[in-house]
Structure formats: structure tokens, C-alpha cells
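Protein sequences, first through last, are from chains A and B.
Numbering-wise, UniProt numbering puts 175 at position 175 of the first sequence, and it's gapless, one number per residue.
Numbering-wise, UniProt numbering puts 12 at position 12 of the second sequence, and it's gapless, one number per residue.
Among the hints, erroneous ones may be present.
Chain copies aren't distinguished; within one or between two, either way the pair holds.
What the hints assert, rightly or not - Below 27 Å or equal to it, Euclidean Cα-Cα: the simulated DSS-like pairs (lysine-lysine) are: (1) K216 <-> K309; (2) K83 <-> K322; (3) K322 <-> K244; (4) K309 <-> K347; (5) K309 <-> K259; (6) K358 <-> K280; (7) K280 <-> K116; (8) K173 <-> K266; (9) K83 <-> K282; (10) K173 <-> K225; (11) K259 <-> K173; (12) K83 <-> K249; (13) K173 <-> K131; (14) K282 <-> K74; (15) K347 <-> K74.
Hints in this document: simulated from the structure, not taken from any laboratory.
Number of protein chains: 2
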Amino acid sequence: MRAASNVPFCQSEETAASIAHQNQESKEEHAAYLFTEQIEGLPNYVEKEEEEGARGPSAANEPATKHKTKPVTKAPEDEHPHKTFGYGNLSPFHFSRRFSPSRSLYENGDDDVAIKILYCRVCHTDLHAIKNEWGVTRYPVVPGSCEYCSQDKESYCPKLIFTYDSIYHDGTKNYGGYSDMIVVDQYFVVRFPDSLPSDAGAPLLCAGITVYSPMKYYGMTEPGKYLGVVGLGGVGHAAVKCGKAFGLKITVISTSPSKEAEAIGKLGADSFLVSSDPAKMKASFGTMDYIIDTVSAFHAIAPLLTLLKPNGKLVTLGLPAKPLELHSHLLVLGRKLVGGSDIGGMKETQEMLYFCAKHNITADVDG
Amino acid sequence: MRAASNVPFCQSEETAASIAHQNQESKEEHAAYLFTEQIEGLPNYVEKEEEEGARGPSAANEPATKHKTKPVTKAPEDEHPHKTFGYGNLSPFHFSRRFSPSRSLYENGDDDVAIKILYCRVCHTDLHAIKNEWGVTRYPVVPGSCEYCSQDKESYCPKLIFTYDSIYHDGTKNYGGYSDMIVVDQYFVVRFPDSLPSDAGAPLLCAGITVYSPMKYYGMTEPGKYLGVVGLGGVGHAAVKCGKAFGLKITVISTSPSKEAEAIGKLGADSFLVSSDPAKMKASFGTMDYIIDTVSAFHAIAPLLTLLKPNGKLVTLGLPAKPLELHSHLLVLGRKLVGGSDIGGMKETQEMLYFCAKHNITADVDG
Numbered sequence: 001m002r003a004a005s006n007v008p009f010c011q012s013e014e015t016a017a018s019i020a021h022q023n024q025e026s027k028e029e030h031a032a033y034l035f036t037e038q039i040e041g042l043p044n045y046v047e048k049e050e051e052e053g054a055r056g057p058s059a060a061n062e063p064a065t066k067h068k069t070k071p072v073t074k075a076p077e078d079e080h081p082h083k084t085f086g087y088g089n090l091s092p093f094h095f096s097r098r099f100s101p102s103r104s105l106y107e108n109g110d111d112d113v114a115i116k117i118l119y120c121r122v123c124h125t126d127l128h129a130i131k132n133e134w135g136v137t138r139y140p141v142v143p144g145s146c147e148y149c150s151q152d153k154e155s156y157c158p159k160l161i162f163t164y165d166s167i168y169h170d171g172t173k174n175y176g177g178y179s180d181m182i183v184v185d186q187y188f189v190v191r192f193p194d195s196l197p198s199d200a201g202a203p204l205l206c207a208g209i210t211v212y213s214p215m216k217y218y219g220m221t222e223p224g225k226y227l228g229v230v231g232l233g234g235v236g237h238a239a240v241k242c243g244k245a246f247g248l249k250i251t252v253i254s255t256s257p258s259k260e261a262e263a264i265g266k267l268g269a270d271s272f273l274v275s276s277d278p279a280k281m282k283a284s285f286g287t288m289d290y291i292i293d294t295v296s297a298f299h300a301i302a303p304l305l306t307l308l309k310p311n312g313k314l315v316t317l318g319l320p321a322k323p324l325e326l327h328s329h330l331l332v333l334g335r336k337l338v339g340g341s342d343i344g345g346m347k348e349t350q351e352m353l354y355f356c357a358k359h360n361i362t363a364d365v366d367g
Numbered sequence: 001m002r003a004a005s006n007v008p009f010c011q012s013e014e015t016a017a018s019i020a021h022q023n024q025e026s027k028e029e030h031a032a033y034l035f036t037e038q039i040e041g042l043p044n045y046v047e048k049e050e051e052e053g054a055r056g057p058s059a060a061n062e063p064a065t066k067h068k069t070k071p072v073t074k075a076p077e078d079e080h081p082h083k084t085f086g087y088g089n090l091s092p093f094h095f096s097r098r099f100s101p102s103r104s105l106y107e108n109g110d111d112d113v114a115i116k117i118l119y120c121r122v123c124h125t126d127l128h129a130i131k132n133e134w135g136v137t138r139y140p141v142v143p144g145s146c147e148y149c150s151q152d153k154e155s156y157c158p159k160l161i162f163t164y165d166s167i168y169h170d171g172t173k174n175y176g177g178y179s180d181m182i183v184v185d186q187y188f189v190v191r192f193p194d195s196l197p198s199d200a201g202a203p204l205l206c207a208g209i210t211v212y213s214p215m216k217y218y219g220m221t222e223p224g225k226y227l228g229v230v231g232l233g234g235v236g237h238a239a240v241k242c243g244k245a246f247g248l249k250i251t252v253i254s255t256s257p258s259k260e261a262e263a264i265g266k267l268g269a270d271s272f273l274v275s276s277d278p279a280k281m282k283a284s285f286g287t288m289d290y291i292i293d294t295v296s297a298f299h300a301i302a303p304l305l306t307l308l309k310p311n312g313k314l315v316t317l318g319l320p321a322k323p324l325e326l327h328s329h330l331l332v333l334g335r336k337l338v339g340g341s342d343i344g345g346m347k348e349t350q351e352m353l354y355f356c357a358k359h360n361i362t363a364d365v366d367g
């Protein structure tokens, strides 16, 4: 069992250091828009779900109210037996590790595995969390879902407990992998192939499974088909590498012409397309079977949909705070689809690791 | 071989009579927005494609310029051998029928079938066309795609010639089924089961295949699964009936509480959900496997996406002039998809007719 790198492997140009200084109040306003006002004509389902379910998970047959955050009676460093050091909001932070979030309500620790953390990748999700862009961060927060990005066989389970900034069954808050150790139920531990290096292999547990899962689920693995990868951050890198391993023809689509050398020369993409160049975009109209869109900021997807052949599929992995514009005719007239995908489950994560080991896929990490 | 009904079978409350009096100029402005300004940061692909391809189809190896509308040298009624009477812009209109749009460039008429039109359904596409809501109508126009809604095995082929308001290979314009006869290549003729009535069966060739095709393509046919049908117009009716035949549990979702009796009592839907009632919508959160959204006007799809279970699928069939708002987190966090679908191909249309005959599915038509 080995772990992941704490050097950036994400698509943002922002550095971790700059994040902690964001104005929290304005971010909260921003995020409130996402989770409430955008869902026109509806009660605030998402917020409600967070209160009762996803963020305060309840076991079967237990009333939801039981699982709300319990009143703080101890400091984080005294709350649990395992003294832990981490980076809360990317500032040093001392807290303690409890027994793992067990699958059973009455956890006894028998399934717990205490793991020393050597590496932890930085993911754009962490940046969203630190900046409270989704309006649900409970400060202090220690990001870093590390090799435990997926904490349930069904990662879409509404009772999912996330790796960090979630509430355990006993009401205490959890902290992530930007720290020196973590306690995990053995069910949520994967076997890390010996041939994968710890540092360059660990990010696969986030970026790798994030692209591998939708490629499998949406049937985007047919050799010889054309895949466009939008954005060449950490997830984009993984998409190019997995796509090549599946035998796809890869076009990296980016606003930055400067990334062409990296895309083709270093990653082995077959072509490069500057999305801000109308003539080049036009020349690629209707040429792609699949697109993986990794962009986490608001952007236009209509130009991307025009790149797809009939029956083409665009999978969006980012979580922009503003809704995207969806032109129905671009879907209807070509029977195209826009699908979302979150992280994969435990079984698929294990499968992905073996796939990456077989195809010598690792992440590009800075020393 | 029999044909279709000319009584309304569409989701709009508007009557055909009211349509011809719309202000064309304002509609053109409206439509220009759809096809140009909405595709941010891009050249006008759609318009370009229409000029060169979809609306002025070219045969392989032929320059696109060859297929532009040829100069008018004869009146429509003298242009071709078959004298025809129809409803141009829903006003009486005399024109002539040429040989059918052949699959080969050098058509000789050997494959032509001349068909007397007894019934022709009214479809929302016709309303869009008459009102020039998509900005591409070439007046005069005779709508009515009748039993020939699908004019190619691959209805998503970019060289598709539509049933009306398209340009033939020889540069003449075609007119649809709101008329007394039509000439069609035998390849595009389907066998109409004897057990289906002409009038109530004909709309299946539009509304029926429009729902049958996506249900098959997107895998929305598993017995016992929950299907939401948004909008109870012609397409919605067909979705309920086909869904029941596949063994699905159907919820009709509508803004009109008055449609409950029809949905459940007449069509046999299992439940009814008023989309404007927040409490009822909330109670249905996360309960549906599939949604077929037939609404042709701008509307919020976020509330619909919240109705879906994880891995749920929403298929949109309408073509609103304004882009819909797509909240990425509603797709990503539940691995949901929004897919489009147009009409089906010839083979699937034939399959649908046999399916409907077997399950006694016909359209509800007014006498």
C-alpha cells in the first residue's frame, strides 16, 4: 500500500498559496447562487439533501436528525485517538484521526486501517473546497482525498461520506489527505501495483479514475475512434494517456497554443486544436466521436458539440459555478449527448490501476 | 400502404389557423439569434452547413455550389409532371410533384412511388417551420412530413433531404404532406400494418418514432423502471403509450393539473406530477430512471434532472429557440446525461410500426 504526491496535478493555473487568501464572504454569495437560485421554480433540493443526506449521511432506518454535526466539546486535536498534522485551508493544522467511517452504524474499528500519508495530489475539487465555491465548506477544512477519492462501491450513493469536509456517523467532521496519516475502512483500500511509482502513480486515484470511469461507462473506448480532450490539466493529461491506451485518436483542444508541444510531443496526442481559432475549429467540425471536457470554469460547449459526429458524446467533468448554455438543436439534430461523471467506485478504481500499470500510465508530477 | 391524419396531433395549444398570421419579420430576427449569436466565439457553422450541406444536399464528389436553388424559370405548378394541391403556409397552394429525391445523383424515376395523401398529421416541427422560428424557412412552404418523416436510413446524415422545404439535387424545392399527393423513392416507403387505422396510426410515423427511437437508443426500455414524460402533447402521448408497452412505470409531468385525468384515466399513466408544485416535485426527487422531455419552448431542466436517480437519463426532443441552462453538478454528481434525439431511420420506423400494431398503440386524433 503506497500513496500519492502533494505536488500540483490539476488544471488550474492558480497556486495553492494564493487560495487561502480569497475573500470567503464573496465566495459564499457566489456559491449560494449555484445551489439555490439557479434551480428555477424549485425548493432548494440540493441544500436540503446536504442537510439530511449527502453531507450528513444517515444509516438505514435511522432518522436524519441523528447525524447532524454534534456540538463541539473537544478541540480537533483531542477529539480522536490518532494525533494528526495536516494543512487546514492550506495552513498548518493539528487535529486527530478517529476510527474510519464504517459501513455499519455501530462501528467498532475492526475494519480500520491506519495509513501513513507520503504523497497527496492536489485536485481542482480541493481548490473549489478551499475557496468555498460550492458554498458547503465547513471551515477548518483539510483537503486531499488522496488515494481514497472513492469512499464507497457506489460513489453516487446519496449517503456517501466524502474523504474530507464530511460528517461521520458520530457527528464529528473528517479531514483529508493533506496530512501525515489517515484512518480508512479496509473496504476502501485499493491494492497499488508494485510497478507504479508512489508519487506519479498516486494522482491516478483521482485524475485517472475520473477519466477511466466515464470512458468505460459511456462506451468511449472503441479503438480507432476520435476523442477530443478539452483542457490539458491533470485530468486532461490522464484522459490523453488513457485514451491512447484504449487505441483512440486523440485531439487535445485548448485555448493555449503553447500547449501543443506538450500535447503532441510529450503526451503523444495525435493532433492539437486551438479552440479560440475559428478557422481551425471549423475545419474540425463533425470529426470527433467523443469529447472529454475537463474545464472547471464557465465556458461555451456549443462549439464543442459542433466538433462531434452524429451520435457523438461529450462528457463534462468540471463543476463550473454558473450553468452552461445547452443548445437543444445541437443535441437533437445529431442525436448527441452531454453526460456527467464523478469519480469511480472501488472496483473500477482497482481495475483502472491495473490498466494503468499494464500500459505504463503515470501522472506527470513536478519534483 | 396507407397514410396519416390532418387533424392536430401536436403539443402546442396554437391552432394551425393562427399560425399563418404571425409577423414574419420579427420571427426572422428571433431565429437569427438561434443559429448565429448563440454559438459563442464561433463562425456560423450551422448557417454554413445549411448553405452547403444539410439544406442544399450534395452528392458525393459534387461541388456544393451545384446544389443551390436554381433560378426560378417556371411557376411551382408547372415545374414538374404531377399537378398537386396543398397548403402553403397553411393557405391553399397549387404546385407540381417531381420525381422523388433519389439516392443517386442521376435519378431516373425508376424507384418512384406516387402516393395519394389521405391523412397528414400536424407536428410541432411544422409550426416552427411555418413561423420560421429557426430562420431557415423558404417561403412558400407546404409542411407535412406525413409518413415520410424519415427520409433516409440514417436520419442524421448531413446530406439528408427533408420531406419539405429542402432542395432537391436538381435545385428545385420540395413540398410536404399537407397536400393531395406526394412522390417518394420506394426506399423511403414503409409497410403500414393492416391492423393500424390510417388516421390514428399515421401520427405514429412522426410522434411514435420520435419517442421509440430514443427509448431504444438510450436504453430506456427496461421493464419496471420509472419514466417521466414531460409535456402531454402528441409526442408525450406517444411516449406514455410506448413506455407502458415496454413495461415502464410512467409519471406524466406537466404544468397543467387539468391533464391528470387524461394522463392517468385515458392513457394509463401510473402517476401525475404537477411541475409547478414545489412540494410535489420535492417528493419525487431522485425517483426516476428516465425522463423524456417533449417541451418545445424554453424551460428549466434543472428541476427535471433532480427527479432522476443516479445514472438517470433525460432525453430532450424539443427545439427551443433559446439555449437551456445546464447545471454541470446535476450531471456530474449523479452521472446523469442529457441526450438529444431526432426522428428514427427507415428500419427503426418499420420496427416501431410493428411494435405499435402488436401493442395496439395508436394516436389520439380528433374527428
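Query raised in the report: Which hints, by number, does the structure contradict?
Result: 2, 3, 6, 7, 8, 9, 10, 11, 12, 14, 15
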